[in-house]
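Asks: These protein sequence lines map, in sequence, to chains A and B. My numbering puts the first residue of the first sequence at 240, with every later residue one more than the last. My numbering puts the first residue of the second sequence at 11, with every later residue one more than the last.
Since the hints were derived computationally from the structure, they do not count as laboratory data. Glycine residues also receive a C-beta, built at the ideal position from the N, C-alpha and C atoms. Treat the hints with care, since some could be wrong.
Cβ-Cβ distance ranges computed for the label pairs, FRET-style [claimed, not checked]:
| hint | chain 1 | residue 1 | chain 2 | residue 2 | range |
| --- | --- | --- | --- | --- | --- |
| 1 | B | ALA355 | A | HIS361 | 33 to 43 Å |
| 2 | B | ARG353 | A | ALA347 | 30 to 40 Å |
| 3 | A | ARG331 | B | ALA62 | 48 to 58 Å |
| 4 | B | VAL79 | A | ARG331 | 30 to 40 Å |
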Amino acid sequence: MTNQIRRGGLKLETHKRRSTMRPLRAASVPDLFVLPLNQHAGTPARPLVAAGDRVARGQPIAEPVGDVSAWLHAPASGIVRAIENRPSPLARDGSLCIVIENDGADRAFDAHPQLPADAPPHEMREHIARGGIVGLGGAVFPTSAKLLRAPEQNAHLIVNGAECEPWISCDDMLLRERADDVIAGAEMLCRALQAEGCTIAVEDDMVEAAEALRLAARKSASPPRIVEVPSIYPAGGERQLITTLTGREVPSGGLPQDIGIVCQNVGTVAAIARWLRDGEPLIRRIVTVTGGAIAHAANLDVHLGTPFATLIEDCGGFREPPARLIMGGTMMGIAMSEDSLPVVKGTNCIVAASAADLQPPGPEMPCIRCGNCSEVCPAYLLPQQLHRFALAGELDNLDRYGLFDCIECGCCDYVCPSQIPLVERFRRAKPELSRHLAMRAMAPRAKASYEAREARLERLEAERRAKLAEKRKSITNKT
Amino acid sequence: MPLPTPQPPHTVAPNSVSRVMRIVLIALIPAILLHTVFFGVGILVQLTLAIATALASEYVALRLRQQPVRQFLTDGSALITAVLLAMCLPPLAPWWLVVSGTAFGILIAKHLYGGLGSNPFNPAMVGYAVLLVSFPVQLTRWLSPDIGGLAPVDMSFGDSLYAIFVGTLPPHLTWDAVTSPTPLDAVRTSLKAGLTLQEAQATPIFGMLGGRGWEWVNLAVLLGGIWILSLRIIRWHIPVAVLAGLAVPAAIMHAVDPGSYAGAVFHLTSGASMLGAFFIATDPISAATSDRGRLVYGFGIGSIAYTIRTWGGYPDGIAFAVLLMNLAVPLIDRYTVPRIYGRAA
Numbered sequence: 240m241t242n243q244i245r246r247g248g249l250k251l252e253t254h255k256r257r258s259t260m261r262p263l264r265a266a267s268v269p270d271l272f273v274l275p276l277n278q279h280a281g282t283p284a285r286p287l288v289a290a291g292d293r294v295a296r297g298q299p300i301a302e303p304v305g306d307v308s309a310w311l312h313a314p315a316s317g318i319v320r321a322i323e324n325r326p327s328p329l330a331r332d333g334s335l336c337i338v339i340e341n342d343g344a345d346r347a348f349d350a351h352p353q354l355p356a357d358a359p360p361h362e363m364r365e366h367i368a369r370g371g372i373v374g375l376g377g378a379v380f381p382t383s384a385k386l387l388r389a390p391e392q393n394a395h396l397i398v399n400g401a402e403c404e405p406w407i408s409c410d411d412m413l414l415r416e417r418a419d420d421v422i423a424g425a426e427m428l429c430r431a432l433q434a435e436g437c438t439i440a441v442e443d444d445m446v447e448a449a450e451a452l453r454l455a456a457r458k459s460a461s462p463p464r465i466v467e468v469p470s471i472y473p474a475g476g477e478r479q480l481i482t483t484l485t486g487r488e489v490p491s492g493g494l495p496q497d498i499g500i501v502c503q504n505v506g507t508v509a510a511i512a513r514w515l516r517d518g519e520p521l522i523r524r525i526v527t528v529t530g531g532a533i534a535h536a537a538n539l540d541v542h543l544g545t546p547f548a549t550l551i552e553d554c555g556g557f558r559e560p561p562a563r564l565i566m567g568g569t570m571m572g573i574a575m576s577e578d579s580l581p582v583v584k585g586t587n588c589i590v591a592a593s594a595a596d597l598q599p600p601g602p603e604m605p606c607i608r609c610g611n612c613s614e615v616c617p618a619y620l621l622p623q624q625l626h627r628f629a630l631a632g633e634l635d636n637l638d639r640y641g642l643f644d645c646i647e648c649g650c651c652d653y654v655c656p657s658q659i660p661l662v663e664r665f666r667r668a669k670p671e672l673s674r675h676l677a678m679r680a681m682a683p684r685a686k687a688s689y690e691a692r693e694a695r696l697e698r699l700e701a702e703r704r705a706k707l708a709e710k711r712k713s714i715t716n717k718t
Numbered sequence: 011m012p013l014p015t016p017q018p019p020h021t022v023a024p025n026s027v028s029r030v031m032r033i034v035l036i037a038l039i040p041a042i043l044l045h046t047v048f049f050g051v052g053i054l055v056q057l058t059l060a061i062a063t064a065l066a067s068e069y070v071a072l073r074l075r076q077q078p079v080r081q082f083l084t085d086g087s088a089l090i091t092a093v094l095l096a097m098c099l100p101p102l103a104p105w106w107l108v109v110s111g112t113a114f115g116i117l118i119a120k121h122l123y124g125g126l127g128s129n130p131f132n133p134a135m136v137g138y139a140v141l142l143v144s145f146p147v148q149l150t151r152w153l154s155p156d157i158g159g160l161a162p163v164d165m166s167f168g169d170s171l172y173a174i175f176v177g178t179l180p181p182h183l184t185w186d187a188v189t190s191p192t193p194l195d196a197v198r199t200s201l202k203a204g205l206t207l208q209e210a211q212a213t214p215i216f217g218m219l220g221g222r223g224w225e226w227v228n229l230a231v232l233l234g235g236i237w238i239l240s241l242r243i244i245r246w247h248i249p250v251a252v253l254a255g256l257a258v259p260a261a262i263m264h265a266v267d268p269g270s271y272a273g274a275v276f277h278l279t280s281g282a283s284m285l286g287a288f289f290i291a292t293d294p295i296s297a298a299t300s301d302r303g304r305l306v307y308g309f310g311i312g313s314i315a316y317t318i319r320t321w322g323g324y325p326d327g328i329a330f331a332v333l334l335m336n337l338a339v340p341l342i343d344r345y346t347v348p349r350i351y352g353r354a355a
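Please take these sequences and the hints and turn them into a complete structure.
Replies: Okay, structure coming up:
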């Protein structure tokens, strides 16, 4: 599977300029921070503090549980007010959150373990984990878990700056204003991975970002390759980007490391630099605040736990009542019911969409099998067939036609003339298919144990008969 | 008040089934206009009858099936069935022919199978096939290509209406005077009678490429087809495969025995070749669904149509070829699933 050309995807109209016209600036710091314990993929973190404790900025307040989990740190100094269930952008029923009241003193935590400058790669990997760093592209997969699974050496590092959602520009602004952090982080990560090389990818319409990167790379001893990829959504999908850059495909059901690649978002890499170089764990991130309902769209440097409403205020408030509030982009982002929810590690963007920004689907019509969906599918699936199987509950066919290869990018929904909510149907079918596959995997075991029992019973019966026959024989012989 | 929280994506392209159908209908207008130029105004009457019947049948079926009438009546799919069927019928065919064919297509072939999106067979072709096997005589009464104004006989709009609604010609006309066999028919019967292709094509119904008039209608259909192709309403796979399915065997047979077999250009520009390739076989509902599947499906239609034309019992074979390949779609779909990203071929 070498030299594949990436197929599928969409040329979408971008709205990035709205938020990139203004320079990056710091957001207001709130009085109260709300920090969900499940703001990374995997197992929620376990609190290390209790209500009433004083905490310093950067102090660890929750520790990882198991391999796929992450540290959480206090975004400012203050007092822990509560550890309780609160509305969160991550779960419909809210999440367990640590609530910290800002004391305004901005006292920094100074007891972080130090990493020697000449630390060996495995120590660097372990130290990165302590920074609470997760994938900031939106998937929030703990970086420590990614590094744990990465090849011992000679992996190729791909740093993903191909920000393909049409509204999001936080990676673009990061590259324009802090390209040094990205280059430094990439160098450190290369050392931790003992990588054979590094490629940084941006979309071909991110001209300023690419220029800033090239400028910063000039100062580097081992400058990474900087590549502009066509801005065809979802160019920044991990698998799609890897194929665009290398011509190779990540195996179905596998991970990039299976083909010797580690892929990290530019924001993640910059966060690694801030942690290793400056000792600042992941307590801030850049958030794009945009949408037709926002007065002055911009990118803000935000403390985790800050309510959306504070950022919206910072951007001049609502120009009109928003029709929808989306965390993430319009293609894959999640609609939020209110603006009091806190910024989490995965909050790359808040779109306060006006009605004009949205083209909501019309009444759903039956599928006419036009195949627009399969033409744009970046996983080369046949969404029209998957949809039919999902409606009919044909689980084995859903498996065979690759339901789990669907990356939920929304391209199929976008082009469907029948306005069918395909991704929604697929998302709903996935747990059902998981259960079915688990049952199917269990079936041979159940069959084996049933057959073993049958055989045992048969053997016992045969033995009993043999004994009986022997007894009869001995009796007959006696008489 | 909490804001709505629907699932992503939050925006879609402004596209709809009715837009797709509307564009397909517009693409057929040049062909219909040329049809009237060469074969008279009969087709306009046929179109009117077919559309009225299609909408009425659709309405009845939707009411019976308790479906949202407005949403489905305006989707344009019934109009396409009507227009395609009307374009396949002789312009002076009696009114009950087009009415019963259209009603059969909509009620039986479409709605009995579950309506839009669920019909395994192309409704227009089912309607046409039913008429062809039931009323073969009426369906062979094609008008001479020059009847639209250049003809020696004078046929007015009133005469056309008379023929369609009364079922016979007005007293001053005879069928022999106004009809002529279609080029496909003429070639067939002449070859069967022992003539060579060259002798068969020496009659005035033949033009530069195919039949007089027919070639222009087919070129107009091709134009419309290229237009919807450029708008990405259809993909290239089916039309190219249908035309290849017709042209490849035709070219081979013509090369082997030019006296007995018509060439590729004749086949491509005669009968319903272009209409079949761009507008009938491309009905996505009853077609194969993957790119590779559509190539197989289209080539099947083209080659079956060629076989029927050349050795079968009917002068044109597009309708039966489409229906036969409709039948094969589940099989084709099963064996032409594309390779999924990250999986071995």
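Asks: Could you tell me which of the hints above the structure violates, numbers in ascending order?
Replies: Number 2 - this is the single hint that the structure violates.
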